[in-house]
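Line by line, the protein sequences give chains U and D. Heads up, the first sequence is in our numbering, so the first residue is 1 and it goes up one at a time. Heads up, the second sequence is in our numbering, so the first residue is 1 and it goes up one at a time.
Each hint should be verified, as a subset may be incorrect.
Derived DEER-like restraints, expressed as beta-carbon distance ranges [what the hints assert, rightly or not]: (1) U:Glu71 x D:Ile506: 49 to 59 angstroms; (2) U:Ser369 x D:Ser344: 52 to 62 angstroms; (3) D:Arg351 x U:Lys372: 51 to 61 angstroms.
These aren't lab readings, by the way, just hints derived from the structure by calculation. Being a predicted model, the structure only gives us computed values, none of them experimental. Here a beta-carbon is modelled for each residue, glycine too, at the ideal position from N, C-alpha and C.
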Amino acid sequence: METVVIIGNGISGVTAARHIRKLSDKRIIIVSAESEYFFSRTALMYVYMGHMKFEHTQPYENWFWKKNRIELVQGYVNKVDHENKQLILNDNDPINYDQLIIATGSKPNRFGWPGQDLKGVQGLYSKQELEQLEIDAPDKEACNRAVIVGGGLIGIELAEMLRSRDIPVTFLVRESSFWNGVLPEGESEMINEHIRDHHIDLRLSTNLVEILADEEGRAKAVVTDKGETIACNLVGLTAGVTPNISFLENSGIELGKGVKVNRYLETNIPDIYAIGDCAEQEKAIGNRRTVEAVWYTGRMMGETVAHTICGQRRKYSPGHWFNSAKFLDIEYQTYGWVFSDQNRREFEEHFHWRHDKEMICITMAFNSSDKKFLGINTFGIRMRHEMFDRWLTEGRTIDYVMEHLRDANFDPEFYSQYEKEIVDSYNSAFETNIKPKKKSWKRIFKSA
Amino acid sequence: MKKAKYIGLILFLAGLGIFTILPFIGTYSLKDSDFKEWVEEKGIKSELFLEALDKEVVGQRFSGMNNLSPIIAAALDKANSTHRKNKEYNKIIYTKAHDISADLGKKAGTGFIPENKGLMWWLTFGLGIVGALLFILPNVILLGQKGIKNNGIYHANATNRGWIAWLVFFYLIAFYLLLYFRPEYAVNWTYLVDPISESLSGNPAGHWFVYGFMYCTVMTVMGVRMYIKYRHNRYQMIRTTSVLFFQIVFAFLIPEIMVRLQMPYYDFKNAFPLDYDFFFQWNLRSLINSGGIGIFILVWGTVLTLIIVPVMVYFFGKRWYCSWVCGCGGLAETLGDPYRQHSSKTLLSWRVERWLVHGVLVFAVGMTLMTLYSFFSETGTVLGIKTSSVQNTYSLLIGSIFAGVIGTGFYPIFGNRVWCRFGCPLAAYLGFVQRFKSRFRITTNGGQCISCGNCSTYCEQGIDVRAYAQKGENIIRSSCVGCGICSAVCPRGVLKLENGPEKGRINPTQVLLGNDVDLMHLVNDK
Chain U
1 METVVIIGNG
11 ISGVTAARHI
21 RKLSDKRIII
31 VSAESEYFFS
41 RTALMYVYMG
51 HMKFEHTQPY
61 ENWFWKKNRI
71 ELVQGYVNKV
81 DHENKQLILN
91 DNDPINYDQL
101 IIATGSKPNR
111 FGWPGQDLKG
121 VQGLYSKQEL
131 EQLEIDAPDK
141 EACNRAVIVG
151 GGLIGIELAE
161 MLRSRDIPVT
171 FLVRESSFWN
181 GVLPEGESEM
191 INEHIRDHHI
201 DLRLSTNLVE
211 ILADEEGRAK
221 AVVTDKGETI
231 ACNLVGLTAG
241 VTPNISFLEN
251 SGIELGKGVK
261 VNRYLETNIP
271 DIYAIGDCAE
281 QEKAIGNRRT
291 VEAVWYTGRM
301 MGETVAHTIC
311 GQRRKYSPGH
321 WFNSAKFLDI
331 EYQTYGWVFS
341 DQNRREFEEH
351 FHWRHDKEMI
361 CITMAFNSSD
371 KKFLGINTFG
381 IRMRHEMFDR
391 WLTEGRTIDY
401 VMEHLRDANF
411 DPEFYSQYEK
421 EIVDSYNSAF
431 ETNIKPKKKS
441 WKRIFKSA
Chain D
1 MKKAKYIGLI
11 LFLAGLGIFT
21 ILPFIGTYSL
31 KDSDFKEWVE
41 EKGIKSELFL
51 EALDKEVVGQ
61 RFSGMNNLSP
71 IIAAALDKAN
81 STHRKNKEYN
91 KIIYTKAHDI
101 SADLGKKAGT
111 GFIPENKGLM
121 WWLTFGLGIV
131 GALLFILPNV
141 ILLGQKGIKN
151 NGIYHANATN
161 RGWIAWLVFF
171 YLIAFYLLLY
181 FRPEYAVNWT
191 YLVDPISESL
201 SGNPAGHWFV
211 YGFMYCTVMT
221 VMGVRMYIKY
231 RHNRYQMIRT
241 TSVLFFQIVF
251 AFLIPEIMVR
261 LQMPYYDFKN
271 AFPLDYDFFF
281 QWNLRSLINS
291 GGIGIFILVW
301 GTVLTLIIVP
311 VMVYFFGKRW
321 YCSWVCGCGG
331 LAETLGDPYR
341 QHSSKTLLSW
351 RVERWLVHGV
361 LVFAVGMTLM
371 TLYSFFSETG
381 TVLGIKTSSV
391 QNTYSLLIGS
401 IFAGVIGTGF
411 YPIFGNRVWC
421 RFGCPLAAYL
431 GFVQRFKSRF
441 RITTNGGQCI
451 SCGNCSTYCE
461 QGIDVRAYAQ
471 KGENIIRSSC
481 VGCGICSAVC
491 PRGVLKLENG
501 PEKGRINPTQ
511 VLLGNDVDLM
521 HLVNDK
């Protein structure tokens, strides 16, 4: 019987393991240094905020692994010896494999800032970092101020977490507006407002210069490039993540930013695969980045690689791009491609609508020449994934999408509906005369 | 603002404290005329019992029910055993000693409490309501912007099974035990709501009226809390209004007013088999003897269970009843909301749930068939088993202990839907319809789930919602009461309660939306 070893028990590795089990009888071993059982990384914030206990972030009960014959080994892999098909662990016996999947995820970026390794300086990625935060920032008495460096999704989550315990937060963002490398201007501006509404001291266009230490080697203040010194007890470094692959240096496995893989998620070494955050595509797929540090893509790679390992060699071919996040109280979903103002392609035109009172807005991207719908960002209105996926596949125009927008609404029952306002606004902006159709179950479930 | 909360808490605890002392204090002195009247009304034939009470109770002063009720109980015991020995079966008194004590105690109460009903109401209910509102209302400002307000639930003693939770647990259990099994100690409580009862039905209040009034009060105050906590969520606002309306109007006001109009006491929304004694002989007789309205109730009750309930479940899921109309559900969704996270999500508890809840349904239906057989054939036994002892067993084990003591007492530790999930026979019945023939589902939004676990954690029915959502499957579960909280707490907009075509309602998937279209079809169509 062949042995598949998976390094990393995040969503990618665990999805791969589950699908290999469904497809085969191979022996499956998952090695992880971080935690005994799989947990949802995206849910760590809710543990600190008191919405859940850590055990609630574990999607499977503890008996699941034994029942499905997935062996769990807790240990840190020091070295991959591909010639002998063996993993050397820190304080555990070596493990032999027939096929190896590297799914080690990411680690927080540290850009060589002076003081970045002081006590009280941390990222927020792993279970250990959550535990460290609980020690360094248990309440506002122990932590009078936190400074967060880096305006991305983890940064705003960390800010929300700390605010849930009334800890004052200063949020240093390099960009001139929050996440505007990804979000178009209107949306980014709305999030700026929302961050400030939550009493977070948002500093745009501000960079970290250095972190100052007290006598005990703990962070006591940060210095910004505006010449300001901000006293604090905690520094959160959330300026993005980078593949967690340092243990693979000199292993013979080809590395770039991440572990280099082809479309089949194969590395340069036979029988070694890489998936999830730590994998780097040789060539970008469509508009995607070569390293995709997203929950959903990790899961899809896991689904795909399982088939390859079980003798049905499959290309990783993700469908239409989608993603989601939550900025404090505002839910965000995106389907297809909507680029920020700086990355927008010359044919990409935007329609933006924002509610005049509520924190609700959408942006739709379309091709200015043939009006083909390219994608949507939606804030504060839930939308149906399947509808947009279908419209993108069918190559619908934005006019068609507008006309059928009610089919895509996914807000809970009795919520206010904004389709009419949105379409009216579109009509007046683009001199069209579209009337939104009533929601139709027939259309929604057409192909399902 | 924080100060207002603290003052509110103190007022509430003061009201609760006075309310809690009441069963143990008070003066009772039974007048001869009141006693005679009671004997007449009840048709007591045991001269032994009358003599004993005449000698030991009438005209004397007792301080505290604990000094009065044992005397009545002893007298009853002695009288009944003598009558049994002498085979004077027509003289045996079948009313329970506790109920006699409650009846006589109500007539015998004197002194400050019965003489100052209004003041006492304010010192108990009044302080409780004002204090609780003072504690809750500042949240309009303190909770800040609209959004999910679950911060600190697992850090707070009261909502994380700390000592406060255990205290509430024991208090509630004690309260229900007293209410069901020692009603004589509730006499002082009945005085507080006499004016309200008299204005509704024209009769002085009994302990069930106290409970009914309290139920409405607690639901309303905790409903205010729901309105504040979920003010961004219109589904929750409307649903809360609906349960409050059905509790106050249908379960509380209409039955009392019907009594005033010489009609039978009936809650029009309480469907069999939750209303387990609907087909009991005494109820059938009383309905048949009540003329047109009685017959109407008989038809309505039958149609409600056999036609209205399942048809509505077909269109809307069992939520229309369980979390929009039902009184048990109403209390769970208001008073119980702070504890919803405690329901167990393990596979083991799901197994236990299926055996228990369907077991109770079988018990209820079996008992009712026996009852109806006994009623029409006019026998007391079916296959050698006494119908009345089966009924008594059900009333005690299911009606009182499971639905009452466990159903509500277990809120702070085991979640707010213990009864609805493990015990309610109506829920089991609706569950079958919902699972096999309904348009209701919780739709999972394609591949958007991030397995965070908020939905499962806050599911009061102990459904592991995430297990379905993370596979891209719709949630079709017989136990779902459609409270909508999973959808509310989902940070990614993945879940939506909706009624739609039956086709495609159940959608098993292996590979989720978002991946290679060919791979999805290959795997999912297999």
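Outcome of range test on Cβ distance (U:Glu71, D:Ile506; 49 to 59 angstroms): 33 angstroms, violated
Can you tell me whether the CB distance of U:Ser369 to D:Ser344 sits inside 52 to 62 angstroms? At roughly 58 angstroms between Cβ atoms, D:Ser344 and U:Ser369 fall inside 52 to 62 angstroms, so the hint holds.
D:Arg351 and U:Lys372, beta-carbon distance inside 51 to 61 angstroms? Taking Cβ atoms as reference, D:Arg351 and U:Lys372 lie about 52 angstroms apart, which means the hint holds.
Consistency note: the structure conflicts with earlier hint 1 alone.
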